[in-house]
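There are 4 protein chains.
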Amino acid sequence: MRFHEQVEVHGHLMDTGVLARVLDDVLAYGGDYRVDKIDLGRTHDDESHAVVTVGAESASRLARILMRVQVHGVNKLVPGEARMCVADADGVFPEDFYSTTNLETVVHLDGQWVPVEHPEMDCGLIVSGGRVRTVPVADVRAGDVIVCGIDGVKVVLPVSDHSTRLHGEFASMSTFSSTAAQPQAVLVKAIARQIREVKAEGYQVLWVAGRAVVSTGASRALTALVEAGYVDVLFGGNALATLDLERALFGSALGLGSPHSRRVQRGNEQHIRTVNTIRRAGSIRAAVESGLVTKGVMHAMVKAGKSFVLVGSVRDDGPLPDVYTDVVAGQRAMRAALRGVGFTVMVATTLHSVATGNILPASVPVACVDTNPSIVSGLTDRTSAQALGVVADAGLFLEQLATELVPDYQT
Amino acid sequence: MRFHEQVEVHGHLMDTGVLARVLDDVLAYGGDYRVDKIDLGRTHDDESHAVVTVGAESASRLARILMRVQVHGVNKLVPGEARMCVADADGVFPEDFYSTTNLETVVHLDGQWVPVEHPEMDCGLIVSGGRVRTVPVADVRAGDVIVCGIDGVKVVLPVSDHSTRLHGEFASMSTFSSTAAQPQAVLVKAIARQIREVKAEGYQVLWVAGRAVVSTGASRALTALVEAGYVDVLFGGNALATLDLERALFGSALGLGSPHSRRVQRGNEQHIRTVNTIRRAGSIRAAVESGLVTKGVMHAMVKAGKSFVLVGSVRDDGPLPDVYTDVVAGQRAMRAALRGVGFTVMVATTLHSVATGNILPASVPVACVDTNPSIVSGLTDRTSAQALGVVADAGLFLEQLATELVPDYQT
Amino acid sequence: MRFHEQVEVHGHLMDTGVLARVLDDVLAYGGDYRVDKIDLGRTHDDESHAVVTVGAESASRLARILMRVQVHGVNKLVPGEARMCVADADGVFPEDFYSTTNLETVVHLDGQWVPVEHPEMDCGLIVSGGRVRTVPVADVRAGDVIVCGIDGVKVVLPVSDHSTRLHGEFASMSTFSSTAAQPQAVLVKAIARQIREVKAEGYQVLWVAGRAVVSTGASRALTALVEAGYVDVLFGGNALATLDLERALFGSALGLGSPHSRRVQRGNEQHIRTVNTIRRAGSIRAAVESGLVTKGVMHAMVKAGKSFVLVGSVRDDGPLPDVYTDVVAGQRAMRAALRGVGFTVMVATTLHSVATGNILPASVPVACVDTNPSIVSGLTDRTSAQALGVVADAGLFLEQLATELVPDYQT
Amino acid sequence: MRFHEQVEVHGHLMDTGVLARVLDDVLAYGGDYRVDKIDLGRTHDDESHAVVTVGAESASRLARILMRVQVHGVNKLVPGEARMCVADADGVFPEDFYSTTNLETVVHLDGQWVPVEHPEMDCGLIVSGGRVRTVPVADVRAGDVIVCGIDGVKVVLPVSDHSTRLHGEFASMSTFSSTAAQPQAVLVKAIARQIREVKAEGYQVLWVAGRAVVSTGASRALTALVEAGYVDVLFGGNALATLDLERALFGSALGLGSPHSRRVQRGNEQHIRTVNTIRRAGSIRAAVESGLVTKGVMHAMVKAGKSFVLVGSVRDDGPLPDVYTDVVAGQRAMRAALRGVGFTVMVATTLHSVATGNILPASVPVACVDTNPSIVSGLTDRTSAQALGVVADAGLFLEQLATELVPDYQT
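Protein chains in written order, with this note's numbering: chain Y, 4 to 414; chain B, 4 to 414; chain P, 4 to 414; chain U, 4 to 414.
To be clear, the hints were calculated from the coordinates, so they are not data collected in a lab. Treat each hint with caution, since some may be false.
Because identical chains cannot be distinguished in the list, a pair is counted as satisfied if it fits within a single copy or across any two copies.
To be verified - With a straight-line cut-off of 25 Å between C-alpha atoms, the simulated DMTMM-like cross-links for lysine to aspartate or glutamate are:
#  : residue 1 : residue 2
1  : Lys298    : Asp99
2  : Lys40     : Glu204
3  : Lys298    : Glu98
4  : Lys202    : Asp39
5  : Lys79     : Glu407
6  : Lys192    : Glu84
7  : Lys79     : Asp42
8  : Lys40     : Glu11
9  : Lys40     : Asp384
10 : Lys192    : Glu407
11 : Lys40     : Glu50
12 : Lys79     : Asp49
13 : Lys192    : Asp411
The task is simple: from the sequences and hints, build the whole structure.
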């Protein structure tokens, strides 16, 4: 290998298997490595430290390998100074742009380590006025100054600083998150405690919810959580809001145990009529304020003055007037709503949960709830440094969470 | 019940359980019924006919019940003449607009039964120049003349006319579609025969494909099917095309059995770099024509001059320059690409398959392939009058289909 | 068709789709039919009645078709007198033995309609001393008098007589059981009410439980239900009991969030040591009475003097001394424990739930709880006339059920 | 910690994450550790070596921890001499018996390292005439000499010796087995090559098959594989054989696409009649030899003179006369059939696959095929050192495998 570079990594290397992943990635990208030094510590609480030389056939491949392994918290031993290029077209990064992780990141500019604002994965880094922030590819503009290559960029693995903020129990559980063989009732209690603590520290709680929240009969519990102040921001899609509003508008017609969901459907007259009614009103807020909608989750969000971001998908009917039909615009709105969020609960939606995971910094803990174990493990592996998976149906999960958090909530 | 109306339904009422569904729906919508006449025929091949009186407390509820049960092919015994209203705002239907099914529909205008163009569910009916066509709510404009209420609208259940066009075997199998206990090898052969026959009759074959087509190693088979002329239109998302292009651009780096998909990810440098490269090229077509992309599914589509519609979602990175970021614009592009389609294959995507099912007329037969039985049954129940479900992984399904359809295809 | 016979069926033919199934089955068995008379009633509450002539090419095929359609409650219009044969070998029925359903059944003997004792599907009918009872094939003995053919056998569909015994809400919900789109919290309440009512009427409650009851942390809730008297009989396997006893013996070693379940296993020392310890004690009861086991579900069952039947499977380690290693002997023990049972709860086990469904009469209502929708629908379709499916994890289900049923239960 | 012991482990410690698991297990069992020495090698191909001191509060706990971590290939640095106790009762081990892994194991007796015969997990070690073999708890007899404690027992991790016997491709793929994102067509080819190679070396191929093999229409492919000599031993249950024989006896009645499997069932007359017919014949072999059964998988096995072991379960009807109703006797028959097996294919059965995994030595490679990713990963994690998971339906998998292995096989 003609080109090589020494990298280092700190942390609980044995417990997390991170070193194995780093070495795998080096090989998968066509590089090679040599372990120069490894200090695992002697007892469980000691931190480890490793130094590895990574080699590749070309400088550009080496740069890509080094960027790749940064997702595991591996940095160059001698980081150097950041290099910058100017974007030559709107919506396109320079060829060898630095591709971000969602970890805390610092950039070496003029001899100073400058922290990256709003860490988000799969972005570029834009430098402006001595500050550095992430920018998604769709938002880069010609003339923007973009960090290129790996030089002068360091990531910081989440270790002690975050754990002080996290409820100890939640933190320790989240190590073993993505498995079906967990005592769910205990997990729900841990999530409840974590939410209380996060709120007490002044952070906001973000919910990402799928339509099953309504269809499993859990909207009463979620409404109670909204009213009790435990839902600061809500991300979802057209289906969640439409189904909730349909129940508010036409609730008596389609009662409990309605068999319609499992029957042949060649159209859903009531669904599209709900959408049309809200379009006529102008917005969900207008429909609530005019007295047209008097109950349900969306009603509670409006009444409580909380913010929601609904982003559309290609399967939507309508959609509702509040729904972002442009997904890139929707992503921007979601990013804007993330400020101040200290905890995220994802319930019964893959699409919007992955979308949220894409833009969340690794420092925000996440709880993922779904009946499908593969979805739970996919979400918890991919997003936060501290993600707790619960294999459970939305209905009973929300019932129990409301029982824990809302005084006098009657199941 | 103060308001009532006689309705009738023809067809194999016993075999399909359709009458039970009609009566259920009447009760679920708060109406009541009385069976006036039922003729089931005496043998298996006889068609049945039933007349039922449906009642409700109000005229508007009665109208909604009658619209609802039209999804089962139930029409008023005395249809009357269509009533029309003028839309008073862009993107909003009149209050009591007629909500469509995806069945063949005719409208009684000035004593003439006028067929509805482009049947699609959950739309309105726009009348213009003596013709009637479906219009989704987002596309209605102030001043448009819209059919309101149920009067003068009749649906036609798909029976004999379509089955002549369908391969007999496919048609008979599709009755028992949504079950895991099916001999898959036989189903794949039936789909191959159906595709050949549809092509021979001059219809186009539409494919809706998810990213698993690439990640399960099936892109070689799908590419062969494109080159052999069995993929006229392709619907998908950003992930399918990006993963396919990533393999074309960086294939050697991430080989078979790459473990990356199941590992912790805090960013996917190669994925976003692929997106950036194609954005720089301007489009997928430009990247193919400039020689940047030389293999894979998208390459084959461009080379064969076939059309594809990629519609974005909120979880997308980038996205690619060809992707519709506005989902309503994407739906319009999909609708435009449906003309001439005589068969649809849906493989390993729920999002885009449901979106396609939403806009397909019931007369186009569909094959749905997924490893999850619930998804297969959901899709087959919801869309075509003749839908065949195959619980199978994309990889082996496409291998076997290519073996059936492409001469000299080597697995 | 040279051989034919008139059959009749009563009941809600439209609602249940039963007539379609009957006609399907006739065709699938190679017969043909002619609908002679059908009276659907005019309103929702009217009962229907149909008379159909079924034909076949041979008398034996006709007899098999008639037996087959009896599972749908279809009887010969002129039943005639029962015919009997003598079994000529142990464990083998006469060739044309009558194969039972699990419906209430009566047999015409000497001009009298004699009710069948212990209805159970897939058995023969043994006649002895003017009484008739079911016998499984393994238990028939040479010389036993067995009903042959269909003559003189009538089944009675469960209609009004049972619904009087059932909580109305449960009965109406159970019509729509096998779907994920149900409000689970409401279903759990309905099950709680049903259990209370069944107990108040003096019936016993049977539980069939899988190991997930312990591994999801629900054993505390199930133990509370045992102590409160809501678990009269428990069916399960070696894994459920061993895991419960392992926690009682070694609980502190493997705490919450233990990662062991998802790791490579080449042996499970603690599991087999638990089995050995109980084998040394002689039985679970002995281990409880000697003070070796002081907590958990099995401990509570022994202390409360309730009966349990543990039947082994080929995947068992050990097994525990209480486990029936012979599955036919295990089935006999389960049958013996069914007397007096008026409600069954199946939680998180397919194997033992199907086994229980095989021997339960259709008149005993069932609640099935599993995270897998396919398993829930499979179980509810197959067993009781009134089966309620809940797609939920064992953990939260049992927590909520205990909260409903056990005063002062603290989640 | 008052009691402690030095242990060592060799192998690719980083790649496999094995060291992390060892240390986790020590903590989970209430012990503590100190890493004394670690040598990871410098490049990818170097083997690693670690020495760790493990401590515990009591000698018995320390012994249990040391036994536990042996499943990861960790041995005492100074193994010492084996200690033996005499079993004092039938079916019960001495208190501190050594609990086995399924790894190659050697025992230090009189200064000699004696290899353990028939490695199998969760057994004891019986010493007799200078030889050592595994014995399951049910088979131990009073007076047997049993190894107790960890002293003098060493396991050997499967590294280079086995890989020489394995097809390189299979071996490398099996590292990444349990994921859905695999190119299935390539996996099937690798399995075909591995089977051919194993046969060429004189080993036998064991198949473990579930009833879905028949119900997915794959019995023609499996029959062809039997006839071509690729199925030496077959493990299964009553359902597999009965369904196969039912199709052979009554095949024409229940044709393709039969809807019966998804319909309400209150009895299955044809199934139990099949069982009764074979019981009357005396055995499956007798039914084949008398000409009663003329096709299908069981017919082919009998004609080819291959052995099968059918073990019953509590959900069985009948069962067939060949089925072991006693599961412990069934396990013994399975063990006896394992001699000479060099490869195992598990298709569409969890129960019998887990049972087989329980008794297989780690040295036998395994391919697991199921549509459920959780089952595939559960099976591959648990059994062989080289297990390849394929998330696929039995039907298409067997079709493609037969196409690969059987000349002139026509799909």
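A quick look at each hint next to the structure:
no. : hint            : in the structure
1   : Lys298 / Asp99  : between (52 Å within a copy, 23 Å between copies)
2   : Lys40 / Glu204  : neither (41 Å within a copy, 44 Å between copies)
3   : Lys298 / Glu98  : between (52 Å within a copy, 22 Å between copies)
4   : Lys202 / Asp39  : neither (45 Å within a copy, 44 Å between copies)
5   : Lys79 / Glu407  : neither (46 Å within a copy, 48 Å between copies)
6   : Lys192 / Glu84  : neither (47 Å within a copy, 50 Å between copies)
7   : Lys79 / Asp42   : both (17 Å within a copy, 23 Å between copies)
8   : Lys40 / Glu11   : both (9 Å within a copy, 20 Å between copies)
9   : Lys40 / Asp384  : neither (28 Å within a copy, 31 Å between copies)
10  : Lys192 / Glu407 : both (7 Å within a copy, 18 Å between copies)
11  : Lys40 / Glu50   : both (14 Å within a copy, 16 Å between copies)
12  : Lys79 / Asp49   : both (22 Å within a copy, 24 Å between copies)
13  : Lys192 / Asp411 : both (17 Å within a copy, 18 Å between copies)
Of the numbered hints stated above, those contradicted by the structure are hints 2, 4, 5, 6, 9, listed in ascending order.
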